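2 protein chains.
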Amino acid sequence: MNDSRKVPRLPSVKRLPSYLHELKLLRDNGQQMVSTTQLAQKLGLEAIIVRKDLELAACPGAPGVGYSVQSLIAGIENFLGWNDETPVFLVGVGNLGSALLGYRGFAEYRFNIVAAFDNDQNKVGTEIHNKKVYHISQLKEMAQKMQVKIAVLSVPCEHAQEAAGLIVDAGLKAIWNFTNTPLAIPKEKEVVLQRVNMAGDLAELSVRLSGKLFNDTPDI
Amino acid sequence: MNDSRKVPRLPSVKRLPSYLHELKLLRDNGQQMVSTTQLAQKLGLEAIIVRKDLELAACPGAPGVGYSVQSLIAGIENFLGWNDETPVFLVGVGNLGSALLGYRGFAEYRFNIVAAFDNDQNKVGTEIHNKKVYHISQLKEMAQKMQVKIAVLSVPCEHAQEAAGLIVDAGLKAIWNFTNTPLAIPKEKEVVLQRVNMAGDLAELSVRLSGKLFNDTPDI
Chain V
2 MNDSRKVPRL PSVKRLPSYL HELKLLRDNG QQMVSTTQLA QKLGLEAIIV
52 RKDLELAACP GAPGVGYSVQ SLIAGIENFL GWNDETPVFL VGVGNLGSAL
102 LGYRGFAEYR FNIVAAFDND QNKVGTEIHN KKVYHISQLK EMAQKMQVKI
152 AVLSVPCEHA QEAAGLIVDA GLKAIWNFTN TPLAIPKEKE VVLQRVNMAG
202 DLAELSVRLS GKLFNDTPDI
Chain Y
2 MNDSRKVPRL PSVKRLPSYL HELKLLRDNG QQMVSTTQLA QKLGLEAIIV
52 RKDLELAACP GAPGVGYSVQ SLIAGIENFL GWNDETPVFL VGVGNLGSAL
102 LGYRGFAEYR FNIVAAFDND QNKVGTEIHN KKVYHISQLK EMAQKMQVKI
152 AVLSVPCEHA QEAAGLIVDA GLKAIWNFTN TPLAIPKEKE VVLQRVNMAG
202 DLAELSVRLS GKLFNDTPDI
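Those protein sequences? They're chains V and Y, same order as listed.
2 is the number of the first residue of the first sequence in our numbering; add one for each residue after it.
2 is the number of the first residue of the second sequence in our numbering; add one for each residue after it.
So here's chain V without its partners, still in its complex pose (with noise of 0.2 Å):
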């Protein structure tokens, strides 16, 4: 590990979407510079926390005047590589599939999924929200094809793995799993696995509501 490069710490990655959704709406509004303090409290932050997040948006703000607006969204969407449209295939049409193949939410952030995939020829040739379904089978000539490099992966947990293992066959590079089951891939294989995992903010949800407490405090 090369210790010179700049290592960012996940909770404020985490983060850098919630701020880039505030400047974004403040641009709207005709703001054209923004302080450590407004941002903090948009967000519910402490400014400390604020001031150490943006500096991976490596803007520099200005005592007494704060950050531009402009700047930092720039910023922001250059550090995370969201200046372009990220092309996405998705696996597995079923109910969450679907779902997701409609969901406007992604667009903020240029996240765009291109094409779905799926074994049940009923579902195969037809188009689900404007998005066409191909055959799992033609997933590698069509990640060549367009340059895809990240999977939503929204199979029955039961092939979930059988499902990575094609994506990864197939040559892409990240999974975004939506599927209930944790995903072994070899290491060599160097692929990112993302997982959303409801079930367990659903237990972090239940043992809050219990009142039983934690030692971390929670991501915003």
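If you are wondering where the hints come from, they were derived from the structure by calculation, not from laboratory data.
Any given hint might turn out to be false.
Identical chains blur together in the list; that is why a pair holds if it fits in one copy or across any two.
Calculated pairs, DSS-like style, for lysine-lysine (alpha carbon to alpha carbon, straight line, at most 25 Å) [claimed, not checked]:
(1) K150 to K190
(2) K141 to K174
(3) K213 to K188
(4) K174 to K190
(5) K15 to K188
(6) K53 to K213
(7) K213 to K174
(8) K43 to K188
(9) K213 to K150
(10) K190 to K43
(11) K174 to K43
(12) K15 to K150
(13) K132 to K146
(14) K213 to K190
(15) K174 to K132
(16) K174 to K150
(17) K43 to K25
(18) K188 to K141
Small disclaimer: the values here were computed from a predicted structure and weren't measured.
Since the structure of chain V is provided, determine the placement of chain Y on it from the hints.
Relative to the frame of chain V, chain Y by itself:
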């Protein structure tokens, strides 16, 4: 704060549903005992972590024999309060909300959406995935009648704060927030806020994919 009280660590709590999932598969296969090593392998964790996590289930393991699968399931469900079905309301029957109404993944954790709410008169009175849609003005009355304490929030983000206010006024005690917006609720209301930060996930995925490094280890 009572220091003698057992304080569970958040990552451990978030992993419990994955244990539950694996343990139920083992049970359905007729396996009666399970070792830490086997669970560690299945979940891609260190055995020491598994042992620590399972302390929350308050189920004693026997050296060389392992844990009783059935007792572990009962212990985890008991810790999470998942022995009984949890009735839940969904607020905001748009694209994502409709999908969540039909999402079968919640049933494994006995999380049951019993009614949905919206302010769109075209939706009120209809049924989506067999769940009836009520007008948002009926929230308080229904919460009292059906003894519901948890709301899933899936309105468009510009209405998130307002809808959260209505949920709190209706006396609910937890909000599972699927919108892109952090919520501000006065502390004295003692409402548990749990956020599904999909944009934050995406940010993490983007940064990992770009080869930037974290100090943190990922959740499973």
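### Query
Given identical chains, is K43 near K25, meaning Cα to Cα at most 25 Å, within a copy, between copies, both, or neither?
This pair counts as within: shortest intra-copy Cα distance 13 Å, inter-copy 43 Å.
### Task
Can you give me the call for K150 and K190, within, between, both or neither, at a CA distance of at most 25 Å?
within (13 Å within a copy, 44 Å between copies)
### Query
What label fits K174 with K190 when the C-alpha limit is 25 Å: within, between, both, or neither?
Result: close within a single copy only, 8 Å intra versus 44 Å inter.
### Intra- versus inter-subunit Cα pairing at 25 Å for K15 with K150
Result: close within a single copy only, 21 Å intra versus 28 Å inter.
### Message
Within a copy, between copies, both or neither: which one fits K213 and K174 at a CA-CA cutoff of 25 Å?
### Response
Result: close only across copies, 15 Å inter versus 39 Å intra.
### Task
Indicate which option fits the pair K190, K43 if close means a Cα-Cα distance not exceeding 25 Å: within, between, both or neither.
between (41 Å within a copy, 19 Å between copies)
### Task
Have a look at K15 and K188 and pick one of within, between, both or neither, based on CA distance no larger than 25 Å.
This pair counts as both: shortest intra-copy Cα distance 24 Å, inter-copy 23 Å.
### Within, between, both or neither, where K174 and K150 count as close if Cα-Cα is 25 Å or less
within (5 Å within a copy, 41 Å between copies)
### Query
Should K174 paired with K132 be assigned to within, between, both, or neither, using CA atoms and 25 Å as the limit?
The answer is within: 22 Å in one copy meets 25 Å, while 38 Å across copies does not.
### Query
For K213 vs K188, is the C-alpha pair at or below 25 Å within one copy, between two copies, both, or neither?
between (36 Å within a copy, 17 Å between copies)
#### Entry: Within, between, both or neither: K141, K174 at alpha-carbon 25 Å
Answer is within; shortest intra-copy Cα gap is 12 Å, inter-copy 47 Å.
### Homo-oligomer pair classification [K141, K188; C-alpha up to 25 Å]
within (20 Å within a copy, 51 Å between copies)
Hint violations for this structure: none, all hints satisfied.
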